[in-house]
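Participant: So you can see what is in the structure, the chains are spelled out below.
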Amino acid sequence: MLLQVKNLHVSINGKEILKGVNLEVNKGEVHAIMGPNGTGKSTLAAVIAGKNGYEITQGEILYNGKNLLDMPPEVRAQEGIFLGFQYPVEIPGVSMTNFMRTALNEIRKYHGQEPMSAKDFLARMTEKKDLVELTSKLTNRSVNEGFSGGEKKKNEIFQMAMLDPQLSILDETDSGLDIDALRIVAHGVNKLKTKENATVVITHYQRLLDYIVPDFVHVLFEGKVVLSGGKELALELEEKGYDWIKKETENHSK
Amino acid sequence: MKIEKNAIPALKNIPHWFDIVSDKNGNSFTGLRAYRQSAFEDFNRLGFPNKKMEKWRHTDLSASLSFDYSLATQDFNMQDVLSDVFECDVHDLESFVVNLYKGRFVFKENNLFTLPKGVIVGSISAAFDQYPELIEKHFGKYGKTDKNAFHALNSALFLDGLFVYVPKNVIVEKPLQLINAVGASDDVFVQNRNLIVLEEGSQLTLIHCDDSYNYKRSFTNSLTEVFIGDNASLDHYRLQNINNNSTLISSLVVEQERNAQLSTNSIILNGGLIRNETYTKLNGEGANASILGVYLADKNQHIDNQVFVDHAVPNCTSNEQFKGILDDYARAVFNGHILVRKDAQKTLAYQNNANIILTDKAVINTKPFLEIYADDVKCSHGATVGQLDENALFYIRQRGISEDNARMLLMYAFAADVTQEIKIDSLRDRIEDMVKKRLRGELSICDQCVLQCSSPEKYNFEIDMSKI
Chain A
132 MLLQVKNLHV
142 SINGKEILKG
152 VNLEVNKGEV
162 HAIMGPNGTG
172 KSTLAAVIAG
182 KNGYEITQGE
192 ILYNGKNLLD
202 MPPEVRAQEG
212 IFLGFQYPVE
222 IPGVSMTNFM
232 RTALNEIRKY
242 HGQEPMSAKD
252 FLARMTEKKD
262 LVELTSKLTN
272 RSVNEGFSGG
282 EKKKNEIFQM
292 AMLDPQLSIL
302 DETDSGLDID
312 ALRIVAHGVN
322 KLKTKENATV
332 VITHYQRLLD
342 YIVPDFVHVL
352 FEGKVVLSGG
362 KELALELEEK
372 GYDWIKKETE
382 NHSK
Chain B
870 MKIEKNAIPA
880 LKNIPHWFDI
890 VSDKNGNSFT
900 GLRAYRQSAF
910 EDFNRLGFPN
920 KKMEKWRHTD
930 LSASLSFDYS
940 LATQDFNMQD
950 VLSDVFECDV
960 HDLESFVVNL
970 YKGRFVFKEN
980 NLFTLPKGVI
990 VGSISAAFDQ
1000 YPELIEKHFG
1010 KYGKTDKNAF
1020 HALNSALFLD
1030 GLFVYVPKNV
1040 IVEKPLQLIN
1050 AVGASDDVFV
1060 QNRNLIVLEE
1070 GSQLTLIHCD
1080 DSYNYKRSFT
1090 NSLTEVFIGD
1100 NASLDHYRLQ
1110 NINNNSTLIS
1120 SLVVEQERNA
1130 QLSTNSIILN
1140 GGLIRNETYT
1150 KLNGEGANAS
1160 ILGVYLADKN
1170 QHIDNQVFVD
1180 HAVPNCTSNE
1190 QFKGILDDYA
1200 RAVFNGHILV
1210 RKDAQKTLAY
1220 QNNANIILTD
1230 KAVINTKPFL
1240 EIYADDVKCS
1250 HGATVGQLDE
1260 NALFYIRQRG
1270 ISEDNARMLL
1280 MYAFAADVTQ
1290 EIKIDSLRDR
1300 IEDMVKKRLR
1310 GELSICDQCV
1320 LQCSSPEKYN
1330 FEIDMSKI
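Protein chains in written order, with this note's numbering: chain A, 132 to 385; chain B, 870 to 1337.
Source of the hints: derived by calculation from the structure; they are not laboratory data.
It cannot be assumed that every hint is accurate.
Simulated pairs of lysine-lysine, DSBU-like, Cα-Cα distance not exceeding 35 Å [unchecked claim]:
id : chain 1 : residue 1 : chain 2 : residue 2
1  : B       : Lys881    : B       : Lys1211
2  : B       : Lys1305   : A       : Lys250
3  : A       : Lys240    : B       : Lys1211
4  : A       : Lys240    : A       : Lys378
5  : B       : Lys1305   : A       : Lys260
6  : B       : Lys1211   : B       : Lys921
7  : B       : Lys1292   : B       : Lys1236
8  : B       : Lys921    : A       : Lys182
9  : A       : Lys240    : B       : Lys920
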């Protein structure tokens, strides 16, 4: 099993956000995590990626059988976890090329590989840029600096393509995208899918799932996964709305 | 309040030095003896600055002045100095190099050159003899000996320095590089004096390097007077990489005429105590001054930047931007003062100082200050002190880059705002490499002046983890 989240409880400043999340992801699978705003979707993504500021009060996360919570964020990334940010950060003064080259070579080093030659690196840049229709004008700039919302999201998928992760978590990658950008982003994600990797798509809307078809859909509500099912669950949610989930969970608790 | 003279060892020898120096030169330029005398009196009246003075509140010189320095008045064998100190070849950047050693001009055969088109470059003390009329017109006209103790001290005690004269409409293509090296003997006290005159429509690039030759203690007080005539342009750099035992007071005093362009960029890489003072008077309409700086300090280093821009006439612009990164117990001071005089309407003046503090022991005292007497101006100022952006750090680390390297990338990027303004490509590359090295703690004083000794290979970020 690639990722195993077991009974995960997470608090921020003493307030419990995740209240016992369970999730299992295998290689070759695409999962969607849906749910209304403020139910802890982004918190789950951030905790898996290793962001500071979250208190894990119970539970564990295993990645390829290893305890993920002991690893600093860069080691998680080197182990193959990629987080597509909901709000990609602008880093003036750091060129995309330098950023990607440093990242790629640190990951290679972690796996005992030699740094990639400049020639191979540039060839890879060109190939992956085309995948998400990113122009050279953007990759020659500083990381995300002055990028539009859509360009930032494309740039996340570009980085995902460059780093070739085993597990990609895409946090609200669809938010703020017009239909063309959405199609390009989804196309990129689909192209990158193999039997050896897995993708977790976090989204509020069903819209993205028209383009990235999930094997499993999970509904996160008030800090718990309250429903899991196949791709048809997304359609049902779209049809009935999140109020339906609310009623369902209330009924269950009765 | 005056400090008891006996309390400052460095003061003890000054009258004696003054006697030696005032006999040494100035035979042809008759005004020099009187000028020195008056400056000496000014210094006696002013004394060394102390922390009770507003402009020195945060910079304490008492440790720097607690040593019994010696002024290098003895002549030395030029050939030895040339082969021992300035042995390196210049590469990358084709520049015309002149060397000062302990404040004295170092030369092989000739100490004052006339280059094609009448450009004069060389020893200021030789220029006193050979070009008294040029000296008369500009020397001592811009420095403020009556108010500034270090200007007074320099004027009383300087032995030599650089003189540059660029005639009307002459564009000097090659950058001129001045390397001031100190060291070799103990506790040397250096006063060098430079005069740069750019006649109407001329252009010059001047790179002024202060370097330590070894780890010996030194105290350098450098004063550079600059005249930029109508439509003339000076591109000026201060590169400072001195050892932690050394003190450097570096003053740049500029007078700008109509449409004169000044760009000055201070790159402060290392030093025990460094204080840069930059004064410019925008004295002709259309003049523009761009005053930039980046400082990197750690351990107990102290870096002080003082900028005073005098908007004396209408329609001038000035832009100040200083960025600093402070680690360990380092302290920095920024004091930017923009004066807009009553008639200086349509002034555009911008000033900013940004700092990153890496420890809770490092201190920055920053004081941007506008003094405006005209009513139709656009002026702004700002100062920030912060840490590295946590969100950016996480973003970088999430891509597999170690925390150390992530910090390095962010610090480098922060400094790059200033370094990318360097106009000469090879110089910019070299300085960016030096900044990277400095941030990694790998810059040594063997990296002499940027363009001289440092190894030619480029320093990239494809990181060698063993070096962190």
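Participant: Each hint should be assessed against the structure and marked as holding or not.
Facilitator: Here is how each hint holds up against the structure:
Annotation: proposed proximity of B:Lys881 to B:Lys1211 is violated, straight-line Cα distance about 44 Å (limit 35 Å). Under the criterion of a C-alpha separation no larger than 35 Å, the hint pairing B:Lys1305 with A:Lys250 is consistent with the structure, at around 24 Å. Of the supplied pair hints, the one linking A:Lys240 and B:Lys1211 is violated, its CA atoms being roughly 63 Å apart against a limit of 35 Å. Under the criterion of a C-alpha separation no larger than 35 Å, the hint pairing A:Lys240 with A:Lys378 is inconsistent with the structure, at around 51 Å.
Of the supplied pair hints, the one linking B:Lys1305 and A:Lys260 holds, its CA atoms being roughly 28 Å apart against a limit of 35 Å. With a CA separation close to 30 Å, the supplied pair B:Lys1211 and B:Lys921 stays within the 35 Å bound. This hinted pair checks out: B:Lys1292 and B:Lys1236 have alpha carbons roughly 28 Å apart, not beyond 35 Å. Straight-line distance between C-alpha atoms of B:Lys921 and A:Lys182 comes to about 47 Å, which puts the hinted pair past the 35 Å bound.
Restraint check for A:Lys240 and B:Lys920: the C-alpha separation of about 52 Å exceeds 35 Å, so the hint is violated.
In this structure, the earlier hints numbered 1, 3, 4, 8, 9 are contradicted, and the remaining ones agree with it.
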